[in-house]
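So you can see what is in the structure, the chains are spelled out below.
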Amino acid sequence: MIGVEVHGLVKHYGGAPVVRGLDLDVRPGEFLTLLGPSGCGKTTTLRCVAGLESPQAGEIRIGDRTVVGQGRFIPPEKRDIGMVFQSYALWPHLTVAGNVGYPLRRRGRSRAETASRVREVLDFVDLGHLADRSIGRLSGGQQQRVALARALAAQPQLLLFDEPLSNLDAKLRATLRDELRRLHATVGTTSIYVTHDQTEAMTLSTRVAVMNGGVVEQLGTAREVFDRPRTRFVADFVGIENLLDLTVEDVRGGTATARAVGLSVQVAAADPVSSGDPLCVGVRARAVRLYRPEEAPVGASTVSGVVTDRAFLGEEVAYRLDVGGVSISALVYTDPSRGRGHTDPDLDPGAPVLVELPTDQLVPLTPSGGPAGDRPATTEDERVPAGATGS
Amino acid sequence: MVTSAHSTERATGDGLRRLVPVRGARSARPFVAVLCVLALVLFVWPVAMLAIGAFRTSAPGVPGEWSAQAVPAVLSDPRTWSTLLQSAALAVTVTAVGVVLGFFLAWVVTRTDAPLRRVVTPMMMVVFAVPLLFSALSWGMLAQPPNGTLNTAVAAVSGADTTWLTAYSWFGLIGTTALKVTAVAYLLLSGPVGAMDRSLTEASSLAGARRWTTFWRVEVPVLAPAVAGVAILCLVLGLGLLDVALVLGVPAGISVFPTEIYGYLMTASPPEYARAGVLALVLVVIVLLLVAAQNRVLAGREFVTVTGKARAGDVLPLGRARWACTAVVVGYGLVAVVLPFLQLVLGSLQPVFGVYGTFTLDNYLDVLDDRTVLEALSNTLLLGVVAGFVATLLAALISYARLRTTAVLRTLPDLALWLIIAVPGVVVSLGVLWAYLSTPVLGGLYGTVWIVVLALVALVTPIAARATSGAVVQIGPELEDAARTAGASQARTVVDVVLRLILPAFLGAWFVTGVLAAGNLDIPVLLASPSTPTVPTIVYSLYSQTGQTAQAAAVLCVFLASLAAVFVLLLALRASVSALLRRATPQPNERGGPR
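Those protein sequences? They're chains P and A, same order as listed. Using full-length UniProt numbering, the first residue of the first sequence is number 1, and each one after it goes up by one. Using full-length UniProt numbering, the first residue of the second sequence is number 1, and each one after it goes up by one.
Isolated chain A (complex conformation) (with noise of 0.2 Å):
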C-alpha cells in the first residue's frame, strides 16, 4: 500500500502529480489494527508473559524480584531429564502408531473398495471431537486388575491371572493416546491422499508393478512431505497433552512435561511458578523447533494440497486382502469408540465400580441432583458455544484480513496463530496466569469463568483458521468487488457476502471448537476456581482424586448426551439459519414466473 514518492517519480518521469493519500479501496487499516490488538493480547502476550514468569521469584501478580535461579535449579534436576526422555518416548510412539494408522485408514478409505470404509470418516470425527477424557476413563475401567470389565471377562473365561491387563501402564497410556491421534492423523491425510492423481498409480500398475509395490513404491514417497507434515502435528500434539497422563499415566510413575507442569502448579506447596515457567519454556522451544521443521517440510504448501486431479470412483479392488482392511477397520473401531461407549454406560450404572450384576440409576439421580454437577454443565456448555463463538468470528475475521485486505499488518495476527498453535493447553494456562494477574483489569476476571473462555480461545482459535482460511480462499474476490460497485461499503460486504458464504464452514468450525473447548481439561484445571466447575474438572476430581468412579462415569454420559443433542440442534439451526436468510432477500411482489 506504501508508495514512495521515488518509486512514484519513476513512474511518472515527469515528477509527482497529485499523490492520493495511501488508505485505498481494501486497506481496512482500523479493522486489522483492532485484530492485531486482539491477537497480541490473546496469543502473544501470555506467551511472552510466560518467559518473564520463569525469571521471578513470586506468584503471578504479586511483586517479586527477578531472579534466574529456576534455571539452573530445574536444567540440574534429574527429574527434568527423565520427563524429557519419557515425553519424547510418549510422542514418538503415539506418532508412530497414529500417522501409520491413519495413513493406511485414509488410504483404504478413499483408494481401496474394502467394505466398511464408509463408516470410517464419521467414526473419526467422533473420535476427534469427544474429550480425550472420555477414552482415559474408558480404558482406566475397562483394564484394571483385580476387577476392571475387561479383567473380569478374562478372569470369568480362562481364570487366568490378569494383573498385567492395566491400562495404569505406558502400554495403556500409549494406546489411548494413539487411538486420538490416529483420529487426527486420518481427517488430516484423507484430503491429500485422496487427492493425488490417479495417473500416477495407473502408470505404475502400466508398468507392471503389482499393488502392495505400487502402494509403497509410487503413494507413499508422493505424500511423503504431506506425511511427515502431519507427523510433525502430531509429535506436537503428543509432547502436550495433559488428560490422559493424568488420568493413566501418574498413577503408574510416569510424568511427562505437561504433568510436570500441573504439579509444580497444584501439588507442589507453594506452587513453584518460577520452575513450571522454565519447564514450559523448554516444552515450547522443543515444540516451535518441530513446527519450524514442519514449516519446512511443507515449504509453504497447505498440506492438504498435492498436485494432480483426482477422479471419483477410481477404486483399487483389493481382493480377498480388502477383509484384512476391514479387520482394521472393525478393530480400530471396537477400540477406540464401541468398547469405551460400553464401558461408560456400564460403568454409570454400577452400583460401585466393579459389581457386576446389578444396575441402578442412582449414579445419575445422585449427579443430576448436585447443584455443583449442574453448575459445571452450564459452565461447560458456556465455555464450549461462547469460546466457540469467539475464536471461530476472531478466525474467521483473521483468515478475512490476511487474504483479502491490503493493509501492511495483516498478516501479523495470522502469524500470532502460528505462535500459540505451538502452545499446549496447560502452558496457555500458566502464560494467561502470569499475563492477566500482572494487570488490574484482567486480573480481576481471575476466577470467574471468563478467564478460562479466553485461555481456551487461544487455543481453539488456530483450529478454527484452519477451517476459516480455507472457506474463505473458496469466494472469488469478484463477488466482494461486485458488493462493493453495487453500493455495499466494505463492512457491510463482509457481513452480506463473505461471512454468510463461509457460513457452514463456520458453523462446523464453531461446533468443532465448541466441543475441543468444552471437553478440555487443560485449562479449566489450572484456572477455573471451585466455585466455577466444569464438566472435565469434575469429571476428573471425581474419578481420580475422590474414587467416584461410576458418579464420573455418569456425569460423561450426561455429558456426551448433551453433545450430540448440541449436533442435533445445531444441524437444524444450520438448515433453518440458510432457509431464513433466502426469505430474507428482496424479492418481486409477486413470485410470477413458472420454475
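Only chain P is shown next, with the shape it has when bound in the complex (with noise of 0.2 Å):
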C-alpha cells in the first residue's frame, strides 16, 4: 500500500492559474476524494497526479518515487495507475474483454495470464457473462462497470476516479456508489476520487478534501467537513443553510456574544477574537428549534421573530423566518416525536415564533475567498488562519 504526496502543485494554461501551490497527503489505503464546484482545479489535480498533465511547479511523490519535480517527469504509463474517466472512455474497436485485458497486455503479461484475469475482474464487477460483447451493445451502467474493470485489471497501486458516476440517473449511480463502498472494501488499493457531489463524497470517502480556487480548502473526515465546515465556502458547500454574519460584541471565557441588528448569539469562539471583530457563524435549517409564542420552552434562550414563508415538503415543512432584520431557515418535521423544537409549530406568514440556536449546533466559520481571481494568490499555509479549528 502507497501513499501519494503533492506539495505546491501549479498549473496554469496559459493564463490565469487552475491550480495554485497546492497540498495534499493521501495516505496508505485510503479512499481520498476531492470535492468541489466546477473548475476549483480538483480534476486538473487528478490528472497531474496521472501524468496526463504537466504541472508547472510543484511535486508529486507516488509511495516513494517522484513522479514530478526534481526536474523529473514519469510519464502516465509508467506510473502504475488505474483510472475511471467520466465518459467510461472505452475503445469502441475492441470487446468488453479487450478493453479490461488491455492494461494487461501493456504491462507485459501473457495472453494466458491475461485471458484468466480478465475473467476474474470480470466475474468481481458482474459482468462475467458479457465478456465477448461489443461497447456499443452495453448499457451506461455497464460500461462504466466495464471501465472499472478495467482500472483494476493490472492491480495499480494507486486508482484514480474523475467523476466516474456523473454520466448515470440517479438509481444507477446510487448501485454503483455502494459497488464502489465494496471495491474499496475488498481491494483496498489508494484511491483519488473527485466529484462535485457531496452524497458521494460522504459515502465513499476514508477523507474529504473541499477544494476552492485551485487548492484544498479543508481536509477531514467526512463527518468532520459536514459538521464542522472551518470556513464559509466549505459551510456553503456542504449546504449549510444559514450563514449568518455577525459583529462580535463581548468575549467571555471562550464564548463570544455576537449579534447582527436584533439578532444575537452565544457561540464558543476559539480563536482569538475581540469585541468589533467581523464573525461568520452557520448552522443548519434542521437544527434552528421553533415554538409558538405562548410555549416558550423552559432554560432555553430564544429570540423572537416573525415566520415570513411555510413551504409543506412531506415529512418536513421549511420556514423562512426574519429574526431581528436577518433572514434564517428551519427545517422541522411534521411527525410530533421529533420533540420539542423540531416539530411544526404550524405557524401562517405574519404570526410571531420564538427561535432557538443551540449553541452547540453553531459553527464559526472564517471568511474564504470565492472563486479564484478575486484576491491574491497565495500558498495554503498562509491561507488558513491559525486557530480557526472547528473540529
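All clues given are correct.
Simulated crosslink set (SDA-like; lysine to any residue; CA at most 25 Å straight-line):
#1 K78/P x R500/A
#2 K78/P x T405/A
#3 K78/P x L499/A
#4 K78/P x F31/A
#5 K78/P x P30/A
#6 K78/P x I475/A
#7 K78/P x S489/A
#8 K78/P x P477/A
Derived from the structure by calculation, the hints contain no laboratory data. From a predicted model like this one, the values you see are computed outputs, not experimental measurements.
Assembly of the complex is requested from the two constituent chains, each provided in isolation within its own frame, with the hints serving as guidance.
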C-alpha cells in the first residue's frame, strides 16, 4: 500500500492558474475525495497525479517515487495507476474483454495470464457473461463497470476516479456508489476520487478534501467536513443553509456573544477574537428549533421573529423567518415524536415565532475567498488562519 | 508548454518551488519536430525555390547568375495578359456553373423528394475520382468535326452541318471542366446544406412563404458563407487545371496559365525556366489571395459547419417540380458519366477513330502487348498506392500533431499544408524541380519514379488532411488518456487507439488521394522521364501527340478497370482488416458467456 504526496502544485493553461500551490497528503490505503464546484481545480489536480497534465511547479510523489519534480516527469504509462473516466472512455473497437485486458497486455502479461485475470475481474463486477460483447451494445451502467474493471485489471498501486458516476441516472449512481464502497473494502487500493457530489464524497471517502480556487480549503473525515466546516465556502458547499454575518460584542471565557441587528447568539469561539470583529456563523436549518410564542421552553434562550414563508415538503416543513432583520431558514418535522422545537409549530406567514439557535450547533466560520481570481494568490499555509479549527 | 519563471513566481506567491521541466505529458516534441522537417522539405521548400528560380538565369541544378530580367520580360509580354484574362474567364465561368449546379443538386438530394436523388452522391464520387483526362478525351471524341460520334449522329439524323459541334473550343473546355467542378462543389456543399437547421425553413413556411421563396430568401442566404468558401476553392481549382486545357484548349488556340507554364518548360527550346517561374509566381500570388479571402469569408469555420440540428426524414414535397429536378440529375449523369463512358468504350473498339460499324479488340491487344504501356500501368499503380499512402499517413500525423499535442510548433505542418493547397500541379512540379535538383542527394531522384511520388505527395496531402483531421477530432481525448493510464506509451497510443479508430477514414482518404495521384497528368508530364511513363502521360501522348486515339481510349479503359478492381479490393481489405483486428485482441480462453 502506498501513499501520495503533492506539494506546491501549480498548473495554469496560459492565463490564470487553475491549481495554485496545492498541498495534499493521501495516506496509504485511503479513499480520498477531492470535492468542489466546477473550476476549482480538482480534475486538473487528479490529471497531474495521473501524468496526463504536466504542472508548471510542484512535486508529486507516489509511494517513494517522485513522479513530478526534481527535474523529472514520469509519463502516465510508467506510474502504475488505474483510472476511471467520467465518459467511461472505453475503446469502441475492442470487446469488453479486449478493453479490460489492455492494461495487462501493456504490462507484458502473457495471453493466458491476461485471459484468466480478465475473467476474474469481470466476474468481480458481475459482467463475466458479457466478455465478448462489443462496447456499443452495453448500457451506461455496464459501460462504467467495464471501465472500473479495466482500471482494476492490472492491480495498480493507485486508483484514480474522475467523476465516474456523473453520467449515470440517480438510481444507477446509487448502485454503483455501493459497488465502489464494496470495491474499496475488498481491494483496499489507495484511491483518489474527484466529484462535485456531496453524497458521493460522504458515502465513499475515508477523508474529503474540499477544494476552492485551486487549493484545498479543508481536509478531514466526511463527518468533520460535514459537521464542522471551517470556512464560509466549505459550509456553503456542504449545504449549511444559514450563514449569519455577525459582529462580536463580547468575549468571555471562550464564549463570544455576537449579534446582527436584532439577533444575538452565543458561540464557542476558539479564535482569539475581540469585540468589534466580524464573525460568520453557520447553522443548519434542521438544527434551528421553533416554538409557538405561548409555548416558550424553559431554560432555553430564544429570540423572537416572524414567519415570512412556510412550505410543506411531506415529512418536513420548511420555514423562512425574519429574526431582527436577519433571514433564517428552518426545517421541522410534521411527526410530533421528533421532540420539542423540532415539531412543526403550524404557524402561517406573519405569525410571531420563538427561535432557538442551540449554541452547540453553531459553527464559527472564517471568511474564505470566493472563486479564484478575486483575492491575491497565496500558498495554502498562509491562507488557513491559525486556530480556526472547529473540530 | 513553456512557462516563464515570471508567471510561476506570480502563481506561487512565495517564490519558485521545484520547477518541473517543460517536457510534459503530451508535448511529443521529437515527433512534432520530425513532422515539421518533413513538411518544410515537402511543402515549403519547393514553393520557396520557385521564387528563387524565377530570378536565376540557368536551369535547375546548373550554375547560373542572379537576374531579374525575366520579370519585365514576362510582364511586358502582351501574351501574359491575354493568358491572365483567359484563365480568369475560364475559372470564373466554371465556378459559376459548377457552384450553382452543385448547390442545386445538393439541395435536391438533401432537402427534396425528387426521384433518383439517391444516385447523385455515388455518381459525383465517380466523377470526382475519375481523372479529368478521361472527360477531356471522351468529349474530344464525342464532339469533333467531322467524324466525332455526336457529329456523325447529328449529321446522320438531320444532314445538318456539324462543324460548330466541337469540344475543341471555349464551350468544350468550360463544359468539361465545369462537370468536374460541379462534383467538387456538390461533395463540399451537401454537408452544410443537409446540416442546415430545418426549423429555419419551417418558420419561413409558417410565415406564409411559398417553397421557392423559402429557397431563395432563407436557404440561400443562410448558406452564403459556406457557398462563398466553396466558390473560392473552385476558382483555385479552375485556375490550376492543366489536363483539359492541354487536350481541348491548346488545339483551339486557348492558353491559360498552366498551359503557358507547360509551354515555357516543354515546348520552348531551350526551356525558359525563369519565365515559367515568374508566371508560376503570379499564379501562386493570385491563388494565395483567393485562399486568404476564403479564410476571411469563413472566419475560421470549417465549411461543413452550419449551426443547427439536422433531422433525418424532413423532405420538401416538390409536387410536379420534382420531375424537373430529376431531369437535371439525369442530364448531368448523361453528360458527365454515361456518354463519356460509352464513348470511351466505343472509341477503344473502333479500328480507327471515326470508323463505325466494325469493332475490334486489336487496340487492347496492341496496348497490352506494349511494354511501355504495361510499365506505365505498374508505375501508375505504384504512384497511386505509395503516394496515396504516404500522403494519408502524413496527413493523419499532421492532424494528430495539431489537434492532440501541446508542442509549440504543432501547427506548423498544418500551415505548410495551407501553403501547398494554393499551388497548382504544374507549379508544384516546377518547384520540386528547382528544389530537388539543387541538392546532390534528392537531385539523384530526378528521372526516377520517386521524384514523381514526392511531388504527388505534396499535391494530395492537403486533400487527405481534410479527411484525417475530421476523423481525429471525432476521437475523444479521454480514449487516449485511458490508454496512457493503462500503460501505453504515446506512440503506442497513437497506433492502438488513434490510427485504429480513424482506419475507415484513413482507407477512404488513401483511396481518394491514390486515385487523384494515379490520374494526375500535371506532375508526371513535367517530372517523369521517358523511361518512367505513367498512364496519364501515355494517354496524353497517344491522343494529343501521335493521334492514336483508339489506343489512348483502350489504355484509359484498362486503367479505369484497374481502378475499379482496386476499389473492390480495398473494400475487401477494409472488411478483413477490421475482422483481423477484432480477432487479435485479447480474449478469455473460453468464450463462455451467452451472447
